[in-house]
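Everything in the sequence shown is counted per the numbering used here, starting at 91 for the first residue and increasing by one.
Honestly, I wouldn't trust all of these hints.
What the hints assert, rightly or not - Calculated lysine to aspartate or glutamate pairs in the EDC-like style (CA-CA distance at most 20 Å, straight line):
(1) LYS318 to ASP333
(2) LYS256 to GLU329
(3) LYS318 to ASP127
(4) LYS318 to GLU222
(5) LYS318 to ASP219
(6) LYS340 to ASP375
(7) LYS256 to ASP370
(8) LYS318 to ASP189
(9) LYS256 to GLU315
(10) LYS340 to ASP359
(11) LYS256 to GLU222
(12) LYS256 to ASP375
(13) LYS340 to ASP372
(14) LYS256 to ASP194
(15) LYS256 to ASP362
(16) LYS256 to ASP277
(17) LYS256 to GLU124
(18) LYS318 to ASP194
(19) LYS256 to ASP359
(20) LYS318 to ASP108
(21) LYS340 to GLU315
(22) LYS318 to ASP128
(23) LYS256 to ASP289
(24) LYS318 to GLU328
(25) LYS318 to ASP289
Keep in mind that the hints were calculated from the coordinates and are not lab data.
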Amino acid sequence: MDQRIEHARQIAACFATDERVSAVILGGSVARGEARDDSDIDVGVFWSELPSSDDVRALDALAGLTVHRTVSNTDRFEHAIVRQFGDIRICSLALSGADTLVVDVEDQSVSGTDVLISQVLDDLVTSLDHQELISVIQGGIALHGEPLVDAWRNALTPYPEGLRRKTVEEQMLGTRGVAARMRRQTDHLARGDWLWLLDERIRIVQRLVVTLMALNRVWAPTRNERFKHLTRIVGACEETPADYAARIGKAFQSEPQAAMRHLRDLVSDVLDQAGQAFPDIDMSDERDAVRA
91 MDQRIEHARQ IAACFATDER VSAVILGGSV ARGEARDDSD IDVGVFWSEL
141 PSSDDVRALD ALAGLTVHRT VSNTDRFEHA IVRQFGDIRI CSLALSGADT
191 LVVDVEDQSV SGTDVLISQV LDDLVTSLDH QELISVIQGG IALHGEPLVD
241 AWRNALTPYP EGLRRKTVEE QMLGTRGVAA RMRRQTDHLA RGDWLWLLDE
291 RIRIVQRLVV TLMALNRVWA PTRNERFKHL TRIVGACEET PADYAARIGK
341 AFQSEPQAAM RHLRDLVSDV LDQAGQAFPD IDMSDERDAV RA
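Let's have the full structure, built from the sequences with the hints guiding it.
Here it is in structure tokens:
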């Protein structure tokens, strides 16, 4: 077992001495078993009541954490329903000798998490901000408050079919979907507007990846649409067109005309998969744009 998980358990035990801490979840690459030697650990602390700054500092000290800097939740997240208080704390934990471990601690509210889950299940909110936290709940390691975490997980299972459909429609259809963007790709290529071409291509691929995750009932692991570790994210989708992540690379690495052909194939494959899942959704305009 990764020793960092044991360190996270010790940190969680310290936070759990405050009865207002209802759950602690380890997220990130350590929880997924994909961490590098230099990877930090990401700890989410879920509070039933909001603590004071002094309370948080006292728990950090109890856990042996030294805070080096903070990142404002307000600045990072547009939809801050769960991240209602405090800052993300970038800390270090002293280990044996001169070794240290970087620990990111983020405070959440239980009530805010309940609201977020309700928004996703009942209102079909497709925001990646929402999905990022749900991904942590579903795929993280519960270090404290397992019954609460299990209740959240049960509520989120299965992946809502309405959310799946709405995501496909939002990402693939309409004036902001792939049809208009594919036609603009053709125009940018003809004019030699290379910066516009690449910017539009990035946006198309982002929409394809979000759609693939929804079709596969995979919660987005990040709100950042640049999708760090793209190969892993695409690989988590069991039903994905062959070699899809590698072919995304070809859409950016090939000469312009070849890259455009790769992009058309990428879009066409996702349209086919979406059409199989939702045959009643009219995607004829999107298919015409791919063939143009």
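Cross-check of the supplied hints:
1. This hinted pair checks out: LYS318 and ASP333 have alpha carbons roughly 18 Å apart, not beyond 20 Å.
2. Between LYS256 and GLU329, the direct Cα distance comes to roughly 19 Å. Compliance with the 20 Å bound is thereby established for this hinted pair.
3. Proximity of LYS318 to ASP127 is assessed by CA-CA distance (about 18 Å); at most 20 Å being required, the pair is judged to hold.
4. Among the hinted pairs, LYS318 with GLU222 is consistent with the structure: their alpha-carbon atoms are about 13 Å apart, no more than 20 Å.
5. For the suggested pair LYS318 and ASP219, the alpha carbons sit about 15 Å apart, so the restraint of at most 20 Å is met.
6. For the proposed pair LYS340 and ASP375, the alpha carbon gap of about 25 Å is over 20 Å, so the pair is violated.
7. Straight-line distance between C-alpha atoms of LYS256 and ASP370 comes to about 13 Å, which keeps the hinted pair within the 20 Å bound.
8. In summary, the hint linking LYS318 to ASP189 is not supported, as the alpha carbons are separated by about 27 Å, beyond the 20 Å threshold.
9. Annotation: proposed proximity of LYS256 to GLU315 holds, straight-line Cα distance about 18 Å (limit 20 Å).
10. This hinted pair checks out: LYS340 and ASP359 have alpha carbons roughly 15 Å apart, not beyond 20 Å.
11. For a cut-off of 20 Å, the pair hint linking LYS256 to GLU222 stands: about 18 Å separates their Cα positions.
12. Taking the CA atoms of LYS256 and ASP375, the gap is about 18 Å. The hint holds against a cut of 20 Å.
13. About 29 Å separates the Cα atoms of LYS340 and ASP372, which puts this hinted pair outside 20 Å; it is violated.
14. In summary, the hint linking LYS256 to ASP194 is not supported, as the alpha carbons are separated by about 33 Å, beyond the 20 Å threshold.
15. With a C-alpha separation of about 17 Å, the suggested pair LYS256 and ASP362 falls inside the 20 Å cut-off, and the hint holds.
16. Under the criterion of a C-alpha separation no larger than 20 Å, the hint pairing LYS256 with ASP277 is inconsistent with the structure, at around 29 Å.
17. Using a Cα cut-off of 20 Å, the hinted pair LYS256 and GLU124 is violated, with the two alpha carbons roughly 31 Å apart.
18. Taken as a hint, the LYS318 and ASP194 pair is honoured in the structure, with Cα atoms around 18 Å apart against an allowance of 20 Å.
19. Restraint check for LYS256 and ASP359: satisfied, since their Cα atoms lie roughly 19 Å apart, inside the 20 Å limit.
20. Proximity of LYS318 to ASP108 is assessed by CA-CA distance (about 35 Å); at most 20 Å being required, the pair is judged violated.
21. For the suggested pair LYS340 and GLU315, the alpha carbons sit about 19 Å apart, so the restraint of at most 20 Å is met.
22. Between LYS318 and ASP128 the CA atoms are separated by roughly 16 Å; this keeps the pair inside 20 Å, and the hint holds.
23. Of the pairs offered as hints, the one joining LYS256 and ASP289 is violated, with about 25 Å between alpha carbons and a cut-off of 20 Å exceeded.
24. A threshold of 20 Å between alpha carbons decides the hint, and for LYS318 with GLU328 the separation of about 19 Å falls inside it, so the pair holds.
25. The straight-line distance between the Cα atoms of LYS318 and ASP289 is roughly 17 Å, inside the 20 Å bound, and the hint therefore holds.
Checked against the numbered hints above, the structure violates hints 6, 8, 13, 14, 16, 17, 20 and 23; every other hint is satisfied.
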